[in-house]
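Protein chains: 2
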Amino acid sequence: MRTLGPGNLTSTRMRIEILCTGDEILTGKTVNTNYGYIATRLGEVGLTVHWGTTVGDDRGSLLAAFRQAAARADAVIVNGGLGPTVDDLSQEVAAEATGVQLVLNEDWLQRIEGYYKRRNRVMPATNRKQAMLPAGAEIIDNPIGTACGFAVTLGSARFFFTPGVPREMHRMLDEQVIPRLRALGGIQGVTRLKRFHSFGIGESRADELLNGVEGLAPGGGVKLGFQSHYPQLETKLAARGTDPADLERRLAPVEAEVRRRLGNFVVAEDEQTIESVILAALRACSGSLSTAEMFTSGAIAARIAPVAGAETLFRRGVVARDLRALCEAAGVATGAAEGVSPDTASEVAGALRDKSGSSHALAVLVDLDDGADRIDFGGTICIGIASREATVSRQSRMLGGREWVRLGATELGLDALRRRLLGLPVDERIDFEKR
Amino acid sequence: MRTLGPGNLTSTRMRIEILCTGDEILTGKTVNTNYGYIATRLGEVGLTVHWGTTVGDDRGSLLAAFRQAAARADAVIVNGGLGPTVDDLSQEVAAEATGVQLVLNEDWLQRIEGYYKRRNRVMPATNRKQAMLPAGAEIIDNPIGTACGFAVTLGSARFFFTPGVPREMHRMLDEQVIPRLRALGGIQGVTRLKRFHSFGIGESRADELLNGVEGLAPGGGVKLGFQSHYPQLETKLAARGTDPADLERRLAPVEAEVRRRLGNFVVAEDEQTIESVILAALRACSGSLSTAEMFTSGAIAARIAPVAGAETLFRRGVVARDLRALCEAAGVATGAAEGVSPDTASEVAGALRDKSGSSHALAVLVDLDDGADRIDFGGTICIGIASREATVSRQSRMLGGREWVRLGATELGLDALRRRLLGLPVDERIDFEKR
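Line order of the protein sequences matches chains S and U. Per the working numbering, the very first residue in the first sequence carries number 1454; after that it's consecutive. Per the working numbering, the very first residue in the second sequence carries number 1454; after that it's consecutive.
Everything labelled a hint here was simulated from the structure, so no lab data went into it. One or more of the hints may lead you astray.
[Claimed, not checked] Taking lysine to aspartate or glutamate pairs in the EDC-like style, the calculated list, with each CA pair at most 20 Å apart, reads: (1) 1887(U) <-> 1842(U); (2) 1570(S) <-> 1829(U); (3) 1689(S) <-> 1621(U); (4) 1482(U) <-> 1476(S); (5) 1676(U) <-> 1477(S); (6) 1482(U) <-> 1699(S); (7) 1808(S) <-> 1781(U); (8) 1689(S) <-> 1477(U); (9) 1482(S) <-> 1627(U); (10) 1808(U) <-> 1477(S); (11) 1676(U) <-> 1476(S); (12) 1482(U) <-> 1660(S); (13) 1482(U) <-> 1656(S); (14) 1482(U) <-> 1724(S); (15) 1482(S) <-> 1728(U).
One chain only, chain S, in its complex shape:
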């Protein structure tokens, strides 16, 4: 183990392996989302994954995987195999690998019995197995499940055993395993992940725009990263400091600069979503919303209306693939619609606002290209937003295939509404459109 000095804020060189177990994961029946969660969270707190292994519920494979991981890693996170059934082998193989017996942990057995008692059920006999742990193992608490986490040392590596149930693993990783790993790696202090969600900037342009921001942290300790989920981009600042005040001092100038440079393209921060920002803005102006959609087909309404609290803010959604039918549903006077245009979008939004009695109405019209789906298949998108004050509109053209256009038009409509509600320019050029 190459422990680094105290107070170190840069990434540790500790080699960490993630060892995922289970036939369902190995065979691809279950998508291994736990791997990505663990790797991402470790990266965010300055720890680096060096190797990933996946094996099934097979004694020989598990034993070999444990021994190989012990030979190449300083720390190993084992995920899965802590359940009550016979194919859950992690404790057994951990005991075999470390040359100790499995012993009943009375405290954990009582915890499991209590877990069932609180649910007015009797613990099935098979669950007793979950309290059998390698002698001398360090217990790692699982406050929300019956699988007991634990840690043992094999060779020069510390092994952390975590449950396969995602919500139990997430909590154990964040609250228990990461602090132990940071201590092992000699990383002191506190960490925080600051997140910005943007729409309209691609990852490579965001990377250019934010060039050098990390350097604004006094003494370092802030690392920039991106995660693209089209059509949104997530920009992350992984910050570390000796204590919360120190962390804040390092992070604040970087955070402010990211907010300044990404500007109006930031749609939400941290736990916020574009939907929650729109709903908060509507609430703030005692407003309400109606939507009219063509090709997006209700996808915009389906993002906003089912959110808890939206039931009083979302007034009416209308959908039609045909423009004339949409005009009729929205209450546009007959004979008005000549084709998809910014003017038509404004007209539809205005009519729908009147008809539904909402303070705001959003119309997203799409004129799709003809022919079969292909990579340069596109659509012309016209957006109109009517409100008490005025009606604004915007036109855009997107390419990239049918599904890409559908997702892009949905997000563009939501973003135009967000911008309108916040008093920002609705017509700012985005990276995904052709002009």
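Given chain S's structure and the hints, the job is docking chain U onto it.
Here is chain U on its own, set in the frame of chain S:
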């Protein structure tokens, strides 16, 4: 290598390892969907994955991973690292591991140049690297990209190098790698995957219902499997035979029995979707559709209306969270709606059908429980379907939290419509509802 005898139709014991490479995969920045695709496809053709390894773009890790895989596997599928950039190291490390030089493959270089020429572009100099292959390697064609697949032998294992770009990997795996693996494993003949998509049966009940069906294949060769994507369940029959006629002879009785036992719960087969089945049924009766939604908020319309060809079949969608507002939007005579009930759902559907002029109208009303989201949070779902002939309705109650209810209600509405269009009972009990 434990090669099995010719004509073998059961799973081979060949040990296959999947070795995924790349910093983005290792660090969790990109979700590793390739692993699951490869493992699932192999399982479907009777091949078994025995080990999974993930390493970054690091020479030392790659070399160690190649050597370890060579020591424990009969065949290794390496994914990623064939690109033109300096961090793509697969060819180089393969050459080093096998003790040969990298040599320029003139044929592949011409292929890359041709690829760019057809796009009226000049090949960047860096792409030349993609034609540098370990001396003596077997070329594996990539008809849709510039990354050249190849195979080499290290120890007693055959290594297959595949590109990280999913669509290139999918095609190379199916067309090139799997036939080679089957030959290596001594598996002869042909394979086919028959898929049934169902709604309303959980995996464990489907497993019970289909107990013993594999045994109906004369001489074996058919394997049953499930993949759950709530709210749908996919039931798969992986079939093998010496030739297409033999395969058909083995598969036909199993396929017929699965169709019989799952009955009305099968919503689609193979490439079909519930959406495509609904649209085909509407087309067949020269019909058209309108939808009215509350908590599902347009999610039903958004499943049907954007499909290519739906533009003439989907007439109108209306959304409101409030029942009175929905009734108004659907054209129900004032004062009718007393609350969410099957009668109200019928009334909304009937009014919407009249107003929109569609042959069919689907209304999905949801009365959500009060309070915060929790695991036993539920909703009462009332569905009405109006058509030329009559109006039918159905009531259901689902639990499982807000998002679970939303997804379940969306699928229940689509399935009720499918059943109605196909003349099946709309009110058959499903596993996800409480009565």
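>> Hinted pair, alpha-carbon criterion (20 Å max): residue 1808(U), residue 1477(S). Please report holds or violated.
In response: With Cα atoms ~50 Å apart, residue 1808(U) and residue 1477(S) exceed 20 Å; violated.
> Taking 20 Å as the top limit, are the C-alpha atoms of residue 1808(S) and residue 1781(U) close enough?
Replying inline: 10 Å, holds
>> Hinted pair, alpha-carbon criterion (20 Å max): residue 1482(U), residue 1656(S). Please report holds or violated.
In response: 13 Å, holds
> Is the hinted pair residue 1482(S) and residue 1627(U) satisfied, with a Cα-Cα distance of at most 20 Å?
Replying inline: Within the cut-off at roughly 18 Å; holds.
> For the pair supplied as a hint, residue 1482(U) and residue 1660(S), is the alpha-carbon distance within the 20 Å limit?
Replying inline: Between residue 1482(U) and residue 1660(S) the Cα gap is close to 15 Å, so the pair holds against 20 Å.
>> What's the verdict on residue 1887(U) and residue 1842(U), does the C-alpha distance respect the 20 Å limit or exceed it?
In response: This hinted pair is violated, its Cα atoms lying about 30 Å apart.
> When you check the alpha-carbon spacing of residue 1482(U) and residue 1476(S), does it fall within 20 Å?
Replying inline: 24 Å, violated
> Is residue 1689(S) close enough to residue 1477(U), meaning Cα to Cα at most 20 Å?
Replying inline: 15 Å, holds
> Can the restraint linking residue 1482(U) and residue 1699(S) be considered satisfied, given a maximum Cα separation of 20 Å?
Replying inline: 28 Å, violated
>> With the threshold set at 20 Å, check whether the alpha-carbon distance from residue 1676(U) to residue 1476(S) stays at or below it.
In response: 17 Å, holds
>> So if I understand the rule, the pair passes when the alpha-carbon distance is 20 Å or less; does residue 1482(U) with residue 1724(S) pass?
In response: 19 Å, holds
>> Next pair to validate is residue 1689(S) with residue 1621(U); report whether the Cα-Cα distance is within 20 Å.
In response: Violated, at about 30 Å.
Hint compliance for this structure: hints 1, 3, 4, 6, 10 and 15 are broken, all remaining hints hold.
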